[in-house]
Each structure stands twice: as structure tokens, then as C-alpha cells.
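Peer 1: Sequence:
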Amino acid sequence: MAGYRKLGRTSSQRKALLRNQVTNLLYNGKIVTTEAKAKEIRKMTEHLIALAVKEKDNFETVTVTAKVARKDKDGKRVKEVVDGKKVTVYDEVQKEIKKDSPSRLHARKQMNKVLYSVTEVPTENAGKKKNTKTVDLTDKLFNEIAPKYADRNGGYTRIVKIGQRKGDAAMEVLIELV
Numbered sequence: 001m002a003g004y005r006k007l008g009r010t011s012s013q014r015k016a017l018l019r020n021q022v023t024n025l026l027y028n029g030k031i032v033t034t035e036a037k038a039k040e041i042r043k044m045t046e047h048l049i050a051l052a053v054k055e056k057d058n059f060e061t062v063t064v065t066a067k068v069a070r071k072d073k074d075g076k077r078v079k080e081v082v083d084g085k086k087v088t089v090y091d092e093v094q095k096e097i098k099k100d101s102p103s104r105l106h107a108r109k110q111m112n113k114v115l116y117s118v119t120e121v122p123t124e125n126a127g128k129k130k131n132t133k134t135v136d137l138t139d140k141l142f143n144e145i146a147p148k149y150a151d152r153n154g155g156y157t158r159i160v161k162i163g164q165r166k167g168d169a170a171m172e173v174l175i176e177l178v
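In the UniProt record's numbering, the protein residues as written are 1 to 178.
Be careful, since some hints might not be right.
[Stated by the list, open to error] Listed next, the in silico BS3-like pairs over lysine-lysine satisfying Cα-Cα at most 30 Å (straight line):
1. 166 - 39
2. 6 - 109
3. 95 - 71
4. 39 - 109
5. 54 - 113
6. 140 - 56
7. 39 - 15
8. 140 - 99
9. 95 - 109
10. 6 - 99
11. 109 - 98
[Claimed, not checked] Ranges between beta-carbon positions, derived for each pair:
12. 65 - 160: 50 to 58 Å
13. 79 - 9: 52 to 60 Å
14. 130 - 162: 33 to 41 Å
15. 80 - 140: 36 to 44 Å
16. 59 - 6: 34 to 42 Å
17. 164 - 95: 49 to 57 Å
18. 132 - 112: 15 to 23 Å
19. 160 - 66: 42 to 50 Å
20. 152 - 35: 18 to 26 Å
21. 159 - 97: 34 to 42 Å
22. 95 - 147: 22 to 30 Å
23. 159 - 130: 32 to 40 Å
24. 65 - 12: 43 to 51 Å
Worth flagging that the hints you see were computed from the coordinates, not collected in a lab. Every residue gets a Cβ at the ideal spot worked out from N, C-alpha and C, and that includes glycine.
Please model the entire structure based on the sequences and the hints provided.
Peer 2: Here it is in C-alpha cells:
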């Protein structure tokens, strides 16, 4: 018996399909799909959440000095004339950043191997590239999802049967984060 479902696709198609559905499940919280796909998605999602729960507190906070360009009221960089040249004026700013431990960094890279990047578009700018922002799902896993499941030992997803699809009578299910 095989260790996974083939889902009637080649390996590259199957991998892309599962990555896409796992990404959407973690981004939206629930998706509707067929039963066979949901069981495969569940394996991958549970593994990612378990990694995030294990490594959620494995970082240190470091204060760093950074040079940031000074800006005027319009948001443009302030320039100053020095030796006949226009030079941008910089200010030094103290920032606190999270520095991952090696094991958390490895977990982050393992997650990025599975998850696609998500671009969030505001509803008023639908169809436009302006004001879009990318969502870092690994940060969402570490900061939002992992603390929610910190006291659970597995069982992070739920599969609820909806019924048969009209076209091909495939069993449709709702898979959601508990």
C-alpha cells in the first residue's frame, strides 16, 4: 500500500495542488474540498502547526541601530548640499527585532518549502497592484496559530462531511482549523 494518495495527478501537479490548499487553509482557516484531498492536506497542515508550536518561543529579542532616511511632510527624502553634491540625510533609529534560534530558523525554512506567498488586496483596490501587501504565513503560524494550539497535542484540524458533489458524486468535506 502506498504511503500517500496520488489523487489522479503527476507528482508535480499533486505537490502544487496540496501546497496551494494547505496555504489557503492556513490563510483562511477553512476550505471546501474532496475527502481524499482533505486527508492529505490534514497531514501536511498538522505537521506545520506542530513545528510552529514546538518553536514558537525559540527566539531572542535584540536591539539594533539602523540608519533611516529623514523624510519631509510629503514623504520624500530630505537632501542636503555637501561639497556641491546633494546628499540624503540619515537619522539613527533604535529597533527591536526577533532573532530566530537555529532550530526555529530551520523550522521556518521547512515551512517556506511547503507554503506559497500570499498577496492581500484591499477590497476597494480590487484588480489593482497599488496598496497590495504580502502576508508572511510563517509569521502567522508562529505568532497567531501556534499560541492558540500550545496546550494541544495534535488534532489541530477538523474534517466535516458536507455531502456528495452534484457533478461526479465525490464526497465533499469542509476542513477547518479547530
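Peer 1: Against this structure, judge whether each hint is valid.
Peer 2: Structure-based check of each hint:
no., hint, verdict
1, 166 - 39, "21 Å, holds"
2, 6 - 109, "26 Å, holds"
3, 95 - 71, "18 Å, holds"
4, 39 - 109, "24 Å, holds"
5, 54 - 113, "18 Å, holds"
6, 140 - 56, "11 Å, holds"
7, 39 - 15, "14 Å, holds"
8, 140 - 99, "16 Å, holds"
9, 95 - 109, "24 Å, holds"
10, 6 - 99, "39 Å, violated"
11, 109 - 98, "16 Å, holds"
12, 65 - 160: 50 to 58 Å, "52 Å, holds"
13, 79 - 9: 52 to 60 Å, "56 Å, holds"
14, 130 - 162: 33 to 41 Å, "38 Å, holds"
15, 80 - 140: 36 to 44 Å, "41 Å, holds"
16, 59 - 6: 34 to 42 Å, "39 Å, holds"
17, 164 - 95: 49 to 57 Å, "55 Å, holds"
18, 132 - 112: 15 to 23 Å, "20 Å, holds"
19, 160 - 66: 42 to 50 Å, "48 Å, holds"
20, 152 - 35: 18 to 26 Å, "24 Å, holds"
21, 159 - 97: 34 to 42 Å, "39 Å, holds"
22, 95 - 147: 22 to 30 Å, "23 Å, holds"
23, 159 - 130: 32 to 40 Å, "39 Å, holds"
24, 65 - 12: 43 to 51 Å, "46 Å, holds"
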